[in-house]
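Peer 1: Listed below are the residues making up each chain.
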Amino acid sequence: MLGLGKRDLIFLAVVLALTLAAPVLLNPFAENSGLAQFNAGYPDLMQRIAIFAIFAVGFNILFGLTGYLSFGHAAFLGVGSYSALWMFKLLSLNIIPGIILAVIMGGVFALAIGYVSLRRSGIYFSILTLAFAQMSYNLAYSVLTPITNGESGLQPDLGDPRILDAASSSGSVPPTNIFGLAMSETWKVDFLGRVFQFNAGYYVCGLISVLMFYLALRIFRSPFGMMLRAVKSNQNRLNYTGLNTRPYMLTAFVISGMYAGLAGGLMAAMDPLAGPDRMQWTASGEVVLMTILGGAGTMLGPVLGAGFIKYFENIFSKINDHVLQGWFSVFPHWLQDLLVTIFHPFMGKGWNLTLGLLFMLVVIFLPGGLIEGGNRLMRLTRRRRRDDGPRPSEAPAE
Amino acid sequence: MIKRDFTRRGLLKTGSVAAAGLALPTIFTSRASAFTNEPKGSTVTFGFNVPQSGPYADEGADELKAFQLAVKHINGEGDGGMLSTFSSKVLDGTGLLGKKVAFVTGDTQTKTDAARASAKSMIEKDNVLMISGGSSSGVAVAVQSLCQEAGIIFMAGLTHSNDTTGKDKKRNGFRHFFDAYMSGAALGPVLASMYGKDRKFYMLTADYTWGWTQAASMKSFMEKEGWQMVTDVRTPLAATDFSSYLAPVISSGADVLILNHYGGNMVNSLTQAVQFGMKDKQVNGKTFEIVVPLISELMAKGAGKNIAGIPGSSNWNWKLQDAGTKAFVQSYGKEYGVPPSQAAQTCYVQTLLYADAVTRAKSFNPCSVVEALEGYKFDGLGNGPTLYRAADHQCFKDVLVVTGNEKPENEYDLLNVAQITPVEKVMYEPDNEFFKGGDLGQCNPGA
Amino acid sequence: MDAIILQMLNGLDKGSAYALIALGLTLIFGTLGVVNFAHGAMFMIGAFCAVTMQRLLHLSFTVLDPTKKDFLGNPMKVSTPYIEHWFGKATGAAILDWSVPISILLAVPVMVILGVVMERGLIKHFYKRAHADQILVTFGLAIVLQEIVKQVFGANPIPTPAPHALAGALDLGAMLGFAANTIVYPAWRLIYFLFSLVIIGGVFAFLQFTTFGMVVRAGMADRETVGLLGINIDRRFTIMFGLAAAVAGLAGVMYTPINSPNYHMGMDFLVLSFVVVVVGGMGSLPGAVAAGFLLGILESFGSMNAVKDLIPGIDQIIIYVIAIVVLLTRPRGLMGRRGVMED
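Protein chains in written order, with this note's numbering: chain A, 1 to 398; chain B, 399 to 845; chain C, 846 to 1188.
So here's chain A without its partners, still in its complex pose (with noise of 0.2 Å):
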């Protein structure tokens, strides 16, 4: 079915469910608990940790099958955010028409970015890519700040055009919807001293970061995603046989580009407003870091990686002193002064050390990143299970 074969069909089943059930999955802790700082079930992380999922995804279509490490994919995600901005502005505040812009913009920038630097490999590649996208923002910076609206960063106005929905405001910019659906629309459920966020805007991004995992995962699995390995195993030997690899390199960097021109236009619809710091190459780096940090080449990795940094940009540095001193507060007074001052460096505005100590772990002990370490616990799991000696149902069959 869908051109899955069982097991791919079962994982993209589980992954639609974990989805789906993200609202509660990720808000175990009841609301008055300690440990509600660590909930993360609310819309805007949720979204990001969807939108970055796509980001990742398509940005392993390249990395993860090629090998091609580009250093300028933030670039496609700015352009995306800006298209789709523009048509807020210029057409409707129905987030369809600025999200379809926002792929076709990021594919054509790729197109023409990749065109030139897949002349290159190596690291070469990745400087040329590196240098495009600090263009791309250097210039949305400064020079370019009539159509990107610069430091501020581009938002819809009351006094934007908008052909098709303007006349439906007044006094304030209505959200960004779908059909009327608003984005920001929420059913909060009340259950059991947790409160639940069923977000609009996160459906959707949910939804389609299904989706995209679905067309991943059918890449992945097509000849041309054999031809990609290829590239990447040998691509000299492949060049030999008188196979030209560039129009296939330059299809997987224009479909990784319409996948961060997705993630940028999802962006904007979530939360209507681009700066340039989304082009910065820090945020190259970032997807990079993602991708790496969860395991480059397999499917669920950058999905992982994708939460796992978002998750801690957003939860760990709002773990203030005061936080500290309350999680603390059954201990007596100098111990917990003394847990505080330990903790301290690595909370809060340290959360940067934290997350910079965790990569460095992670890439010194589990070089394929955390699926990496998820496989190894589950063998080690089933090792020892093994070691119990055989479990019950195991045992007629042997």
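It should be emphasised that the hints constitute simulated quantities derived from the structure, not laboratory data. Hints are not guaranteed to be accurate.
[Claimed, not checked] Under the rule of at most 30 Å between Cα atoms (straight-line distance), these lysine-lysine pairs were calculated in the DSS-like manner:
1) K470/B with K487/B
2) K684/B with K498/B
3) K775/B with K717/B
4) K622/B with K1153/C
5) K470/B with K914/C
6) K703/B with K934/C
7) K598/B with K617/B
8) K717/B with K1153/C
9) K823/B with K498/B
10) K622/B with K823/B
11) K463/B with K487/B
12) K188/A with K438/B
13) K913/C with K724/B
14) K463/B with K1153/C
15) K922/C with K232/A
16) K684/B with K775/B
17) K470/B with K934/C
18) K913/C with K617/B
19) K934/C with K913/C
20) K717/B with K497/B
21) K934/C with K463/B
22) K973/C with K677/B
23) K934/C with K805/B
24) K497/B with K595/B
25) K1153/C with K598/B
26) K679/B with K497/B
27) K463/B with K834/B
28) K913/C with K703/B
29) K760/B with K717/B
30) K1153/C with K732/B
31) K934/C with K732/B
[Unchecked claim] Which residues of chain C face chain B? A partial, calculated answer using Cβ under 7 Å:
32) P1004
33) P1008
34) G1013
35) S1145
Every residue gets a Cβ at the ideal spot worked out from N, C-alpha and C, and that includes glycine.
Take the given structure of chain A and dock chains B and C to it, following the hints.
Peer 2: Using the frame of chain A, we list chains B and C on its own:
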């Protein structure tokens, strides 16, 4: 003060409530309450969104200290600070409308995306009613529009661009800090009296929105004083070495250099300009001068001795002698051991003003708060008599012209107040050419 | 004419910093084959050696002066540096004034030790790993180092002035026969340029004329064969890593009067230095130096008003434009070798 107490008892309690409850889930949409995040419990939460990583982290740390102090004072802890000098007396140190004030913090990273993400998590997860903070105009504009969409109040921290209360103004957003126009208006006459009317100036301008507005207002006000502009050169925001922009200055015929830079840009460009000998050169028979239109204490600290004698403008300075300032400096100094910066003061004042407006309005509804703040006149918060103008939500008050201290007595004694430009001189109409184009829109309570 | 000479000087000066950092990066890449994203952090730590030295020299004892009041109305604390106390006011002040050059004494051992520890403790385990892993782990290290520096020294830039005698500007125009005030250039920047020439010359001479250097060069060309000859090439490469760190550190120390050190200055230079290395050609030492100066000079000319009027915003992108043009016309940078970092 602490919003979430993680205690064993607390956990047990929630656990048992949950177990005993087993109530049917209640479903409610955002329309269920009268306005976004209507406080239901015994606390009300503020969100302090400041840069904690990135180049403005120190400024963010200052702002955070001020916020915490303000919350303490509102809750009746500490010595009350400026509550005793504030012209409005409704805040009595018992929290807000019978609720204790709690707060959450977040990191803007001085990036619009990160700032919006952090602000959104405060709104969606921590149920804040008001967000304050910020160290750059890009972030302030971005978070202000987010708060407008979400239906909560934004009390801007340090943001100096005209746009914040100009073309990007919003009904739910308020700014206490002064702006680029006021800097120019305050500096124009003072510079002319310091350096004479017959001057030629050369400008280096950070190539982004704030830099441009700053440059435009400096140009307009200096030309009003009879000065002539040689040229205005845009420098990349990411630049750290300004030598290629500074090298042509001396031979250009200019005798004043105006640096429209902020933060690290300013520290580097000023340091390097002084190295190019611009402080002690004679050009056109006059001493060459450097001007930095917006000076902050942290920038002065970063520039070290190079700041000595350099004029610029400030929103506030801890050396002022009014009662409000003295009370705040005492209170802040006792708490943290250092005098407060202008960023700290504006954040502290913004928090008090919000609390005061809630108390006067007797409601947390953002629309009532907006009504209470619009056209509000107050005094005793360190800046003299001040007006929150209804037309653009900008505070109008005296502006300080400061100069770098030639002989600092200690590491905090960096700036001297050279002159106080009275509010009439820096006042402008809401449709002034630097500010036109925006629309406050309607107040948005969210629900 | 004078404007061109001025921008030439600027370019050489900018180029000195680029060349020094790129040189260190290339030393590491050429010897160990590791792409070191933490190299910018080495530059930053070098700069903070100057800050540390300044702090050490300024260690003071405090006396309460009851005649003066501090801002809270308490008696003022007046601090006197021990240095001034021990050596007398004049000598003490002179030592404090020269703290930046003095910190070279601190920076060299600190950087060499840091480099060696880094190589033995971390990089060693990454020789056989993919370049992407090397990039990621060194990038993580760079973040960790910079965050530690931030927690110790804060995020604000810290002023580290040049010695008073070298702080001013020289009117080179007047010396060369132009009109006065046409070519005014800071003395310290000239010193920085000369300093970088000495370091670059020193590194090349060391590689060219010492036995140690010869072995290292041989190892760079063919590591296995040198190893088979019974030479412990690994130890020498470790030392080279220390040397590269020291070069970056020295570049950082001497840069502090030009650019007040802050914790993210390493990241600011990182991208740029990689562009320089790649334009020069991965693994080529002369290429790195040449590209450093070339990009510095072109960047300076790109930011001239006349050029900016012609092409708005050119100074924002010129480095990248050059990189793109060079890479498209010369596949392996200016002096790169075939097969390096192309897989």
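Peer 1: Hints numbered earlier in the text: which of these fail when held up against the supplied structure?
Peer 2: 2, 8, 9, 14, 15, 16, 17, 18, 20, 21, 22, 24, 26, 27, 29, 30, 31 and 33
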